[in-house]
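One letter stands for each residue in the lines below.
Number of protein chains: 2
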Amino acid sequence: MNWSEQIREALHEKNYDKLYSLLEQCHPVDIAQLMEELSDDESINLFSTLEFDIALQVLEELDSNKKHLVLTNLEYNYACKLVQEMSADEMADLLGDLEEDDKRQILSLLGESKDELIDLLSYARNTAGGRMTTEFIAFPKELKAKDALDKLAELAVDAETIYYVYVVDSQGRLVGVVSLRDLILAPEETPIGDIMQTDVKKVNAQQEQEEVARLIQKYGFLALPVVDDNNVLLGIVTVDDAMTVVEEETTEDILKLSGSNVDEDMDVGQVSIWARAKRRLPWILLAICGEIISGRVIDDFSSALQTIVALSFFIPVLMDMGGNVGTQSAAIIVRGLATGELKTLSIAKNVLREAAVGIILGIVNGLLVAVITYLWQGQMLLGLVVGISMTFNLTFAAMLGTFFPLLWYKLGKDPAVASGPLVTSILDVVGLLIYFSTATWILKL
Amino acid sequence: MNWSEQIREALHEKNYDKLYSLLEQCHPVDIAQLMEELSDDESINLFSTLEFDIALQVLEELDSNKKHLVLTNLEYNYACKLVQEMSADEMADLLGDLEEDDKRQILSLLGESKDELIDLLSYARNTAGGRMTTEFIAFPKELKAKDALDKLAELAVDAETIYYVYVVDSQGRLVGVVSLRDLILAPEETPIGDIMQTDVKKVNAQQEQEEVARLIQKYGFLALPVVDDNNVLLGIVTVDDAMTVVEEETTEDILKLSGSNVDEDMDVGQVSIWARAKRRLPWILLAICGEIISGRVIDDFSSALQTIVALSFFIPVLMDMGGNVGTQSAAIIVRGLATGELKTLSIAKNVLREAAVGIILGIVNGLLVAVITYLWQGQMLLGLVVGISMTFNLTFAAMLGTFFPLLWYKLGKDPAVASGPLVTSILDVVGLLIYFSTATWILKL
Numbered sequence: 001m002n003w004s005e006q007i008r009e010a011l012h013e014k015n016y017d018k019l020y021s022l023l024e025q026c027h028p029v030d031i032a033q034l035m036e037e038l039s040d041d042e043s044i045n046l047f048s049t050l051e052f053d054i055a056l057q058v059l060e061e062l063d064s065n066k067k068h069l070v071l072t073n074l075e076y077n078y079a080c081k082l083v084q085e086m087s088a089d090e091m092a093d094l095l096g097d098l099e100e101d102d103k104r105q106i107l108s109l110l111g112e113s114k115d116e117l118i119d120l121l122s123y124a125r126n127t128a129g130g131r132m133t134t135e136f137i138a139f140p141k142e143l144k145a146k147d148a149l150d151k152l153a154e155l156a157v158d159a160e161t162i163y164y165v166y167v168v169d170s171q172g173r174l175v176g177v178v179s180l181r182d183l184i185l186a187p188e189e190t191p192i193g194d195i196m197q198t199d200v201k202k203v204n205a206q207q208e209q210e211e212v213a214r215l216i217q218k219y220g221f222l223a224l225p226v227v228d229d230n231n232v233l234l235g236i237v238t239v240d241d242a243m244t245v246v247e248e249e250t251t252e253d254i255l256k257l258s259g260s261n262v263d264e265d266m267d268v269g270q271v272s273i274w275a276r277a278k279r280r281l282p283w284i285l286l287a288i289c290g291e292i293i294s295g296r297v298i299d300d301f302s303s304a305l306q307t308i309v310a311l312s313f314f315i316p317v318l319m320d321m322g323g324n325v326g327t328q329s330a331a332i333i334v335r336g337l338a339t340g341e342l343k344t345l346s347i348a349k350n351v352l353r354e355a356a357v358g359i360i361l362g363i364v365n366g367l368l369v370a371v372i373t374y375l376w377q378g379q380m381l382l383g384l385v386v387g388i389s390m391t392f393n394l395t396f397a398a399m400l401g402t403f404f405p406l407l408w409y410k411l412g413k414d415p416a417v418a419s420g421p422l423v424t425s426i427l428d429v430v431g432l433l434i435y436f437s438t439a440t441w442i443l444k445l
Numbered sequence: 001m002n003w004s005e006q007i008r009e010a011l012h013e014k015n016y017d018k019l020y021s022l023l024e025q026c027h028p029v030d031i032a033q034l035m036e037e038l039s040d041d042e043s044i045n046l047f048s049t050l051e052f053d054i055a056l057q058v059l060e061e062l063d064s065n066k067k068h069l070v071l072t073n074l075e076y077n078y079a080c081k082l083v084q085e086m087s088a089d090e091m092a093d094l095l096g097d098l099e100e101d102d103k104r105q106i107l108s109l110l111g112e113s114k115d116e117l118i119d120l121l122s123y124a125r126n127t128a129g130g131r132m133t134t135e136f137i138a139f140p141k142e143l144k145a146k147d148a149l150d151k152l153a154e155l156a157v158d159a160e161t162i163y164y165v166y167v168v169d170s171q172g173r174l175v176g177v178v179s180l181r182d183l184i185l186a187p188e189e190t191p192i193g194d195i196m197q198t199d200v201k202k203v204n205a206q207q208e209q210e211e212v213a214r215l216i217q218k219y220g221f222l223a224l225p226v227v228d229d230n231n232v233l234l235g236i237v238t239v240d241d242a243m244t245v246v247e248e249e250t251t252e253d254i255l256k257l258s259g260s261n262v263d264e265d266m267d268v269g270q271v272s273i274w275a276r277a278k279r280r281l282p283w284i285l286l287a288i289c290g291e292i293i294s295g296r297v298i299d300d301f302s303s304a305l306q307t308i309v310a311l312s313f314f315i316p317v318l319m320d321m322g323g324n325v326g327t328q329s330a331a332i333i334v335r336g337l338a339t340g341e342l343k344t345l346s347i348a349k350n351v352l353r354e355a356a357v358g359i360i361l362g363i364v365n366g367l368l369v370a371v372i373t374y375l376w377q378g379q380m381l382l383g384l385v386v387g388i389s390m391t392f393n394l395t396f397a398a399m400l401g402t403f404f405p406l407l408w409y410k411l412g413k414d415p416a417v418a419s420g421p422l423v424t425s426i427l428d429v430v431g432l433l434i435y436f437s438t439a440t441w442i443l444k445l
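The listed protein sequences derive, respectively, from chains A and B.
Using our numbering, you'd call the opening residue of the first sequence number 1 and step up by one each time.
Using our numbering, you'd call the opening residue of the second sequence number 1 and step up by one each time.
These are computed hints drawn from the structure, not numbers from a lab.
Don't take each hint at face value.
Derived lysine-lysine pairs resembling BS3-like cross-links, with alpha carbons at most 25 Å apart [claimed, not checked]:
no., chain 1, residue 1, chain 2, residue 2
1, B, 146, A, 151
2, B, 151, A, 151
3, A, 349, A, 413
4, A, 278, B, 349
5, A, 202, A, 141
6, A, 144, B, 151
Model the full assembly from the supplied sequences, consistent with the hints where possible.
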């Protein structure tokens with residue numbers, strides 16, 4: 001019997017001694033994960049057996065629905081105490097997720113001092129301001145290293161990170177940063193102003209969360225300060241938040257590339273079947289329109305098709321190859337843009353480079369299908385038609401697959417959105433046009 | 001003129017005063033990035049103007065080719081000094097990347113004390129052992145908190161992270177961990193054995209790097225200890241390495257999903273055109289074979305096609321839709337597996353759930369294309385054929401797109417590899433079979 005089954009059993013048997021000893025060995029993250037799997041009653045029961053400190057940590061790891069469930073089913077005073085100890089950014093995220101009624105329930109637990117929270121709620125969720133926590137440590141630059149360390153020890157319990165100490169002036173403006181490492185290394189009497197780094201990397205609260213995550217990753221920071229337009233320090237974004245952002249953004253890219261629309265808080269395991277279907281419909285409907293145009297192209301050349309029915313045998317290979325190569329190019333570009341590797345290159349340079357790749361792929365595949373066609377159908381000219389169409393088709397596919405996401409990116413839009421089904425549909429229409437035009441020209445139809 | 005242009009100009013003018021003052025304001029990461037863009041001569045020139053400490057940091061950020069270039073073109077003694085100060089895991093990575101001759105050149109700079117390095121080189125690159133650094137801090141459990149802090153200050157310069165202190169017994173076995181935070185908060189005379197956490201999350205050196213990254217992310221650690229089979233502490237993997245792993249793994253997934261083979265050290269911006277084409281050829285060739293089978297299916301039904309040429313108009317829409325839905329399902333599954341959200345669900349449950357999504361998508365789209373077909377061609381029965389085929393086609397596409405990556409995953413293989421072009425090719429064959437079978441049955445051809 002594994003650990004989570006043992007806990008379930010102890011819960012059902014109301015064997016609290018066993019439950020305590022089992023929970024003692026668990027990391028709060030694991031308890032939270034288990035609670036997501038339990039029924040409502042079970043998870044409330046389990047939660048109420050936790051010590052306050054552990055309960056607080058578990059609470060922060062729960063998803064918003066479970067958080068709300070737990071908080072509204074606990075004894076009122078205990079819930080108040082928990083809510084007041086929660087970090088402001090966690091609370092802001094929770095409130096952002098809840099419906100109006102549920103939100104009011106939670107706000108009633110909060111009592112006074114909601115000001116900080118209301119400030120946090122004013123930032124869009126996917127910005128630096130929306131991601132930041134306000135539990136940072138800031139000192140004036142006159143403070144001595146030794147005193148700073150002492151104060152740090154006092155503040156450590158509530159702060160999100162103690163590994164950076166920010167230095168601010170009397171207006172709260174960010175003037176420097178001292179790492180805990182430097183603080184420990186510094187002579188005791190040195191004012192922190194003397195050991196601080198003044199060239200602080202920071203972000204504005206309005207900046208997008210991807211950029212923030214990218215900076216943290218690039219420079220290997222544990223946290224990055226967030227300031228307003230007047231350089232006043234508002235909060236920090238920590239490295240674990242940055243990892244979450246990177247994860248979310250790549251999931252979004254992958255799903256968008258394959259033509260699924262994506263919600264902000266996507267969770268693959270938990271979305272209902274109907275929601276899943278709805279999310280994928282818009283692009284699919286758009287693709288239908290595109291493919292009806294492809295059908296019209298075939299219609300326009302139907303007399304050619306009636307003369308040589310074998311022409312239809314090669315429609316699948318041409319369509320599929322074009323789609324494959326176009327999607328590959330688009331995926332490479334979208335990924336290159338996301339990791340920042342491609343930002344310095346121009347559209348033209350990229351399109352030309354992918355065109356070269358497309359020409360190589362086109363010629364190799366064109367020759368191959370020409371030979372296959374000749375062997376299968378015994379017609380040299382038909383082989384020539386299929387081979388030539390394939391070469392042009394793949395070259396064009398590589399170029400379009402590169403051009404589209406880059407164009408979208410330069411227009412300030414999300415390159416992944418424009419890359420999947422849309423590119424494929426356009427390629428199908430163009431591919432068929434290339435194919436039948438080549439056929440009527442070479443075979444004189 | 002921006003910052004990098006100013007540096008280039010100062011380099012060309014040999015205006016070293018200006019160069020020093022420009023470089024002083026730069027983060028080593030930015031200097032490294034600039035050097036990647038400079039010519040060989042320029043980057044060697046630039047590097048030799050850097051102070052030793054900065055040079056060391058810049059060196060660690062360069063890619064392996066630039067590292068080798070710089071190290072073999074510097075004054076010999078200076079290069080030796082740099083190499084000996086480099087962290088062991090950086091050095092192991094560098095040596096892993098170089099050809100035999102270049103490797104020997106670098107090893108000659110190292111002089112003695114290569115033992116640690118040789119140990120590190122024995123781990124496969126994508127394991128915990130290959131990712132770890134040996135610059136961690138470990139103390140015996142009898143050490144007092146105050147003494148530990150003092151020692152920490154001495155060791156801080158060389159350690160990769162000082163935010164966790166590991167506690168080991170006399171055989172070097174990991175028995176606990178103390179965070180710097182707890183160390184600062186503890187009374188000065190407490191032995192660290194009394195404040196350490198004994199339930200340490202750790203990984204074996206042989207474990208895969210994805211799992212390590214996933215653990216760091218899940219628990220929000222700044223570093224994770226790596227041990228051997230006897231629980232002897234070998235090294236640590238830090239959060240910035242974990243972010244790099246997550247990034248690399250998702251890039252791999254996206255490119256594999258679109259049918260590109262991926263090298264270990266893929267860099268979108270720098271791969272040659274020929275290498276790019278080669279990487280994408282194998283799947284494309286496989287897809288050709290699949291599509292030739294699709295062509296054979298059409299051939300088998302060519303008499304039906306000659307009777308009603310309009311049947312060919314709907315080949316594109318059926319093929320494309322099947323491919324879209326299949327790829328979407330595959331992408332959702334691959335992503336769900338990567339983020340760990342899907343690990344608890346069975347194959348059957350997932351396939352059934354996606355089948356339900358497929359049925360919804362199939363019915364909606366089936367009705368739509370049936371209506372479009374009727375309006376366009378004026379034939380009720382043809383509309384019925386296209387609509388029914390579409391419904392079955394999309395249901396099957398959703399199921400196959402789910403089943404394939406899950407099957408691969410359960411077989412212990414990479415689910416992304418089996419998901420892109422392969423699924424599309426199978427779907428094309430099956431889709432055409434469904435379509436023409438329905439047509440011959442309903443239209444009595």
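Do the hints match the structure? See the list:
no., hint, verdict
1, B:146 / A:151, "holds (17 Å)"
2, B:151 / A:151, "holds (21 Å)"
3, A:349 / A:413, "holds (20 Å)"
4, A:278 / B:349, "holds (20 Å)"
5, A:202 / A:141, "holds (18 Å)"
6, A:144 / B:151, "holds (21 Å)"
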